[in-house]
Amino acid sequence: MQKKLNQKAWFLVLPVFLLVAFSAVIPLMTVVNYSVQDSFGNNEFYWVGTEWFVEILNSERFHGALGRQLLFSAIILMIEVPLGIWVALKMPQKGWGASVCLVLMALPLLIPWNVVGTIWQIFAREDIGLLGHSLAALGISYNYTQNALDAWITVIIMDVWHWTSLVVLLCYAGLSSIPDAFYQAAKIDGASKWAVFRYIQFPKMKRVLLIAVLLRFMDSFMIYTEPFVVTGGGPGNATTFLSIDLVKMAIGQFDLGPAAAFSLVYFLIVLLLSWVFYTVMTARDGDGS
Amino acid sequence: MAKIHLKDIAHSYLPTPAGAEDYALKPLDHTWEDGSAYALLGPSGCGKTTLLNIISGLLTPSKGSVIFGDDDVTQKDTAHRNIAQVFQFPVIYDTMTVRENLEFPLRNRGVAPADIEARVAEIAGMLKITERLDDRAANLSADAKQIISLGRGLVRSDVNAILFDEPLTMIDPHKKWELRSRLKELHQQFGFTMVYVTHDQTEALTFADKVVVMFEGEVVQIGTPEELFERPAHTFVGYFIGSPGMNILPASVSGNKATVGTREITLGADYGTPKGKLEIGIRPEFLKLTSGDDAVIDSVEDLGRHKIVRLTFEGHAVAVLVPEGDTVPTGKTGLMFDPMRTLVYCDSHLVTGAK
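Residue numbers (the working numbering), protein chains in the order written: chain A, 1 to 289; chain B, 1001 to 1355.
Where hints are given, some of them may not hold.
[Said to hold, decoys possible] Using 30 Å as the maximum straight-line C-alpha spacing, the simulated DSBU-like pairs for lysine-lysine come out as follows:
1) B/K1257 <-> B/K1277
2) B/K1307 <-> A/K187
3) B/K1275 <-> B/K1026
4) A/K187 <-> B/K1076
5) A/K193 <-> B/K1063
6) A/K187 <-> B/K1288
7) A/K187 <-> B/K1007
8) B/K1063 <-> A/K94
9) B/K1275 <-> B/K1307
10) A/K187 <-> B/K1184
11) A/K204 <-> B/K1176
12) B/K1128 <-> B/K1210
13) B/K1026 <-> B/K1210
14) B/K1307 <-> B/K1288
15) B/K1003 <-> A/K187
16) B/K1257 <-> A/K187
17) B/K1210 <-> A/K187
18) B/K1288 <-> B/K1277
[Said to hold, decoys possible] Interface residues of chain A toward chain B, partial, derived using beta-carbon atoms under 10 Å:
19) K94
20) A173
21) S177
22) A181
23) I188
24) Y199
25) F202
[Stated by the list, open to error] Derived CB-CB ranges, DEER-like:
26) A/Y278 <-> B/P1113: 32 to 40 Å
27) B/N1108 <-> A/I178: 16 to 24 Å
28) A/M222 <-> B/T1130: 29 to 37 Å
29) B/Q1075 <-> A/G95: 36 to 44 Å
To be clear, the hints were calculated from the coordinates, so they are not data collected in a lab.
Don't be surprised by glycine CBs; every beta carbon is placed ideally from N, CA and C.
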């Protein structure tokens, strides 16, 4: 029997199309539109082609922000991933201790970004903050508003405090899925603690760890609120990461064209690096189950 | 090789056990003879795994000691006992090849590489997995994984007992039989002591020289499959072993007569006048249908080789096994007890009468 082609089904997906169009496609295309035009206010736009892209890719300012951003993401990944794994391994797996730990771990994740920023902004202040004041009392010179290194340390510790929990919770979930028999068999096989980690725990955590690394990379690469609240990107440009720079350009200076080109380049970098992470981390998985 | 002596052991998971009911494993003293195959049989939660983990050292008993040969190993950890254990879940190291899996226990013990290679080759030959040695272990089927778990135990030359904790639960039915006969073959070949936990009576009876039946944390009988069938020491054994299980009927006993309801049954021995909760037990195989009107037939299940007749006798459900070819009457029937096969239980334990 010949099946009758029924095109009416397209109407059923129309609502989703509309939703996606208004939430993603249209805003993105607007940015693309800005990135190839120049405007002088009055809603007058002129075609400039790839000029803004060339300018952005050659600008010292963008290079500086990108370099700081890469360094920041690299540092927090190097701290948060091993630390998260270590904490997850040390957490109790059973009993009331496990629940208490889980709640404590979840707490930082529940705090809004700008509140985290405010907490640390006050906490680290030299005059009234517990941390800043204590350090000053101990004779350690510390001032995150004037010293670039101190600003970096503050922002990094704040991010570790805020987000290590996410890695911990994901790793913990991976660890919980390992049946007791594996540990018992390892005992019988005379495996050392390291061997248990290397051959049982780590392989079981690998999948969730991939998600953890991707999430942490993307989030840290797009970090805005916390450093904005704590340091405002300073001192100087010391903690001006890509997002902060982008906002300055788009809203502070109202350079819509360059900012749009910046956004697109930024988006492509995140996409590319995420793909690299994913490919590298799943490369050895190959034929695995 | 050495025998394993469990000296007066008992175990409770509570820190301060009060009464008998707090013990997951009730007091037990038993020697596992070197080179025998034992099956540990019982329903779920009866303490089988607890007992097994005490032998392997994953658990330290609350009381008593575990002695291998002349060596008290109660406080020694698992790695230092000459024990291997195969679990319900096939445990393999996913990231390794089959060969690396087999090498793992030896490498952890610092065996010389040349010896490791020789030993792995030998064991792989015996398990017939030589051609799969370089495959990734993660891609194998469940039964092949279980063989490798076993291989990791066998590869150690010092192992004198291998413990199996329901190793066939996760295996497909048609592979089960194959794997079971392989295990039996290997047992005959190597001569290690084998303790095999299961809740499947067929598995236990076909596999073991001796079956240890456990019930509510207590070892209720240790015996050959024949002994378990003919003289169950506990009503639970009678009920658990055999298909259908033993008929257990509340009765009063005096001398060589037992009375169930209004019916008097002749026994094969003189029991005097025992005190306690009295029951008589008889296997369906030893009951015969006769002409009479003692019992009412409820249903007949024809299994081809024999028929199982379910009837109501003095208000109790009774099963009778009727051989192929015998006709089964409908409605009422007489019931004849074989006196030599009618056993008496006092408080669930077998009573021996005087001849």
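Each hint tested on the structure:
1. Restraint check for B/K1257 and B/K1277: the C-alpha separation of about 16 Å stays at or below 30 Å, so the hint holds.
2. For the hint pairing B/K1307 with A/K187, the CA-to-CA distance comes to about 50 Å; that exceeds 30 Å, so the pair is violated.
3. Among the hinted pairs, B/K1275 with B/K1026 is consistent with the structure: their alpha-carbon atoms are about 24 Å apart, no more than 30 Å.
4. Among the hinted pairs, A/K187 with B/K1076 is consistent with the structure: their alpha-carbon atoms are about 12 Å apart, no more than 30 Å.
5. With a C-alpha separation of about 29 Å, the suggested pair A/K193 and B/K1063 falls inside the 30 Å cut-off, and the hint holds.
6. The suggested pairing of A/K187 with B/K1288 is violated, with an alpha-carbon distance near 55 Å, which exceeds 30 Å.
7. Distance restraint check for A/K187 and B/K1007: the Cα-Cα separation of roughly 24 Å lies within the 30 Å cut-off, and the hinted pair is therefore satisfied.
8. Distance restraint check for B/K1063 and A/K94: the Cα-Cα separation of roughly 25 Å lies within the 30 Å cut-off, and the hinted pair is therefore satisfied.
9. Among the hinted pairs, B/K1275 with B/K1307 is inconsistent with the structure: their alpha-carbon atoms are about 37 Å apart, more than 30 Å.
10. The suggested pairing of A/K187 with B/K1184 holds, with an alpha-carbon distance near 26 Å, which does not exceed 30 Å.
11. A distance of roughly 28 Å separates the Cα atoms of A/K204 and B/K1176; the hinted pair therefore holds under the 30 Å criterion.
12. For the given pair, B/K1128 sits about 28 Å from B/K1210 by alpha-carbon distance, which is consistent with the 30 Å threshold.
13. Among the hinted pairs, B/K1026 with B/K1210 is consistent with the structure: their alpha-carbon atoms are about 20 Å apart, no more than 30 Å.
14. About 12 Å separates the Cα atoms of B/K1307 and B/K1288, which keeps this hinted pair within 30 Å; it holds.
15. Note on B/K1003 and A/K187: the hinted pairing holds, with a Cα-Cα distance of about 22 Å set against a maximum of 30 Å.
16. With a CA separation close to 57 Å, the supplied pair B/K1257 and A/K187 exceeds the 30 Å bound.
17. Distance check on the hinted pair: B/K1210 and A/K187 sit about 28 Å apart at the alpha-carbon level, within 30 Å; holds.
18. Restraint check: the Cα-Cα separation between B/K1288 and B/K1277 comes to about 26 Å, which is no more than 30 Å; the hinted pair holds.
19. Because the beta carbon of A/K94 sits about 13 Å from the nearest beta carbon in chain B, more than 10 Å, this interface hint is broken.
20. For A/A173, the suggested interface contact is broken, since its CB lies about 18 Å from the closest CB of chain B, more than 10 Å.
21. Residue-level restraint check for A/S177 is violated (minimum Cβ-Cβ distance to chain B is 12 Å; threshold 10 Å).
22. At about 4 Å, the closest approach between the beta carbon of A/A181 and any beta carbon in chain B falls short of 10 Å, and the interface hint on this residue holds.
23. For A/I188, the interface hint holds, since its Cβ comes within 10 Å of a Cβ in chain B; the closest pair sits about 5 Å apart.
24. Interface restraint check: A/Y199 against chain B, minimum CB-CB distance 5 Å, threshold 10 Å, status holds.
25. Checking A/F202 against chain B by beta carbon gives a least distance of about 8 Å; that is within 10 Å, so the hint holds.
26. Range check, A/Y278 to B/P1113: Cβ separation about 37 Å, and the 32 to 40 Å hint holds.
27. Remark: the range hint 16 to 24 Å for B/N1108 to A/I178 is upheld by a beta-carbon distance near 19 Å.
28. In this structure the supplied range 29 to 37 Å is violated for A/M222 paired with B/T1130, their Cβ-Cβ distance being about 54 Å.
29. Checking the proposed 36 to 44 Å range against B/Q1075 and A/G95 shows it is violated: the Cβ atoms sit about 25 Å from each other.
Of the numbered hints listed earlier, those contradicted by the structure are 2, 6, 9, 16, 19, 20, 21, 28 and 29.
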